[in-house]
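Dock chain B against chain A, hints included.
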Amino acid sequence: MPRRTTRGQAAAAASARRPLFAATIALAMALGGQAGAQQACEVKLGALGPMSGPAAQWGLAMLGAAELAAAEANARNFTVAGRRCTVSVVSYDTRYTAEGAAAGINNLASQGVRFVIGPVGSPEVTGAKPVATRHNLLMFANSYAKNAIGPQWPLVFHLGPGPSEWAAPIVLMAQQQFGMRSVVVVAPNDQGGTDIASVDAEVYRSLGITATEEYYQRGTTNFAPIVTRILSSRPDAVDTASSPPGDSGLIVRQLRQAGFTGPIGHLGGPGTEEIIRVAGGIDVLKNFYWYEVVPTEDPQVRAIADEYKRLLGRDAPENTNMWLWVVGARMTLRAMETAGTTTDTRKVAEALRAMPVDDPNVGRGSWAGQRFFGINQELSLPFGAGLIVDGQNRGVRRIEVGQ
Amino acid sequence: MHEFWSAAIIGVSLGAQYALLALGFTLIFGILGVINFAHGGFYALGGYVAYSAVSGLGLPYPLAVLAAVLVTAALGYVYELFVIERFVDDHLATMMLTLGLYLMISTGLLAVFGPQSPEFSFPVKGSYSIGALRIAKENLVVLAVCGCAIGAIYWLIYRTDLGRALRALADDRQVATTQGMRPRLLFPLAFGLATGLAGLTGALVTPILALSPSAGDPVLVTSFLTVILGGLGSIAGATIAALIVGFIEAYASVYLGGSAGALVLFIMVLVILLARPTGLFGRQIRGA
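So the protein lines, in turn, are chains A and B. Taken in order, the first sequence gives residues 419 to 821; the numbers are from this note's numbering. Taken in order, the second sequence gives residues 45 to 332; the numbers are from this note's numbering.
Looking at chain A on its own, in the form it has when it is part of the complex (with noise of 0.2 Å):
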């Protein structure tokens, strides 16, 4: 027989039931909310650069560096403004093009993505920085381009300084030990080759060196013509420039076999050994010099390739780019922290302009860029620059900024 109760009781019982349903309301509420906050608070990092093709060393080796440094942060409870965030990596092969980078910045905006590290060369940069200022994209890039950062593009960091400031220091080695009056710089002709075979041209001819420039179309597999080309003026050096490892490493093996014996310079972005492999051993090579992103023999920079290793349990990409890319996946994640926010790009800029360069591998540095690109936005590290002599590895020099 049911249970029959008068309006009265009726109205006082649910009077008693009011704050234990506003009570398990509120409970659940607050549940879900911390339950979505956590949802929420999943940061993605976008790694953005070339994983094919010639310039593959390249972009794996930041995509090494960003995967590093999510592990560094998941494994260290990586907090932002009280709350436990968790840290991935989405990737996406740009090919070294412009339109590949462009075409990535929206990939990667679509999927969630605010903070990019990469991308790698100067088309890529000049592609992607207007699509990611449209979509309010944290850049932390590399590339030697003469524009890579500016005041108009407030919120595109600089991962390291372009051939003027390490470019002397090198070439003076090169001088001291192979005694080279004139050379040929060899690049694409595109912004990744010209921005940088022309300042490293500059460079030369600021020591007494004759220095000409000589351009190929990038996609060249065939080098003997260019090579044909390159001895016919007869220098007694050839620098590679900012050719991608594997053109190196093609361009090494013609001139070697094309009867060209005099040193053989890479004043662009490293990977001495895929140029050994492709060029056929370090005997090819023969005398060679090269500039290094950081001092890579210090035994504190070898260690991020250990923790690579612990944390993510496979070898550190090859490419020594690695090292440096790990101090701007590094401090992008600080930043974060430091600015209390995963989602505000320009707090998140406030907070890395005001952090200080101090890496515990790389070491100490400063931001610079004011004088050349207007805008104090550029890592400014130690770096190194390496020496071959009669096939004998001489190792990496370590050189300070403004040595």
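Since the hints were derived computationally from the structure, they do not count as laboratory data. All values derive from a computational prediction rather than experimental measurement. Hints are supplied without guarantee of correctness; some may be wrong.
Claimed, not checked - Heads up, simulated DSSO-like pairs for lysine-lysine below, C-alpha to C-alpha not over 30 Å straight-line: (1) A/K462 / A/K765; (2) A/K727 / A/K564; (3) A/K462 / A/K727; (4) B/K169 / B/K181; (5) B/K169 / A/K462; (6) B/K181 / A/K704.
Said to hold, decoys possible - Simulated DEER-style distance windows between Cβ atoms: (7) B/A137 / A/A521: 24 to 30 Å; (8) A/N565 / B/V156: 37 to 43 Å; (9) B/A176 / A/Q529: 55 to 61 Å; (10) A/L590 / B/A176: 28 to 34 Å; (11) B/G191 / A/G699: 27 to 33 Å; (12) A/E620 / B/D134: 52 to 58 Å.
Note that CB positions come from ideal geometry on N, CA and C, so glycine has one too.
Chain B only, in chain A's frame:
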């Protein structure tokens, strides 16, 4: 003066490689009426098969080249038999099918071998010197093999019953079929022959240049350019056009530089096509 002779040698060498690639490309178009966008993929695949045979199985390089030819030819044969054959008269469908195959091959190579160039070098090293002129031995070997392969293709096409049957199908498929030629048997053979040629070129050239999953990208462009210049479907046209392209590329790059070299090549091709829209040896209407 030695630059002139160096450019001549480079031109012949490039021309022979392009001819081998263009012959395969034009064979498929001439006989099947299909533009094979996967041609570059078979070139890269040939390189990787040879590399795997040498480094993985320890085979001597000549056997590795043979393996590359057989694998690429077999893949081409099977793909034509089971996929292309169903849509052989639908140009858009075959274009998409071959483009799709190219993407599958290059992505597959990327997944299996990774994006970086493996260490794969030509077994013959050193060079001959004639005054200031240096000729790499490996280029001479490749030139000789390319020459033999081109000769073999000509012999097959013009001196054998199989070649006569293929030419008959290219000339007029309906009449050839009524005369007893069987397209279902001959089309896969022609496709396999062409992809085997691309595989052969890849196995020969990638140890000298570079091997990567995207190695076929420029190959497709060059093959296309060459066969259009020679006249789509013309075997003699493809061979002569390949040599023209090789010489223009070599001389323009040596005397005008890498950037201007590429520009001159395309301008020359444009001028020739304006004068002869069907290419050097092309016909107005395909019979097939």
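Cross-check of the supplied hints:
A threshold of 30 Å between alpha carbons decides the hint, and for A/K462 with A/K765 the separation of about 17 Å falls inside it, so the pair holds. For the given pair, A/K727 sits about 36 Å from A/K564 by alpha-carbon distance, which is inconsistent with the 30 Å threshold. At roughly 22 Å between alpha-carbon atoms, A/K462 and A/K727 fall within 30 Å of each other, so this suggested pair holds. Between B/K169 and B/K181 the CA atoms are separated by roughly 6 Å; this keeps the pair inside 30 Å, and the hint holds.
Distance check on the hinted pair: B/K169 and A/K462 sit about 49 Å apart at the alpha-carbon level, beyond 30 Å; violated. Only pairs whose Cα atoms come within 30 Å are accepted, and B/K181 paired with A/K704 is accepted, the gap being roughly 21 Å. Our hint of 24 to 30 Å for B/A137 and A/A521 holds, since their Cβ atoms are close to 27 Å apart. The beta-carbon spacing between A/N565 and B/V156, approximately 39 Å, falls within the hinted interval of 37 to 43 Å.
For the hinted restraint 55 to 61 Å between B/A176 and A/Q529, the CB-CB distance of approximately 57 Å keeps it satisfied. Checking the proposed 28 to 34 Å range against A/L590 and B/A176 shows it holds: the Cβ atoms sit about 32 Å from each other. At about 30 Å, the beta-carbon gap between B/G191 and A/G699 stays in the expected band of 27 to 33 Å. At about 57 Å, the CB distance of A/E620 to B/D134 agrees with the hint of 52 to 58 Å.
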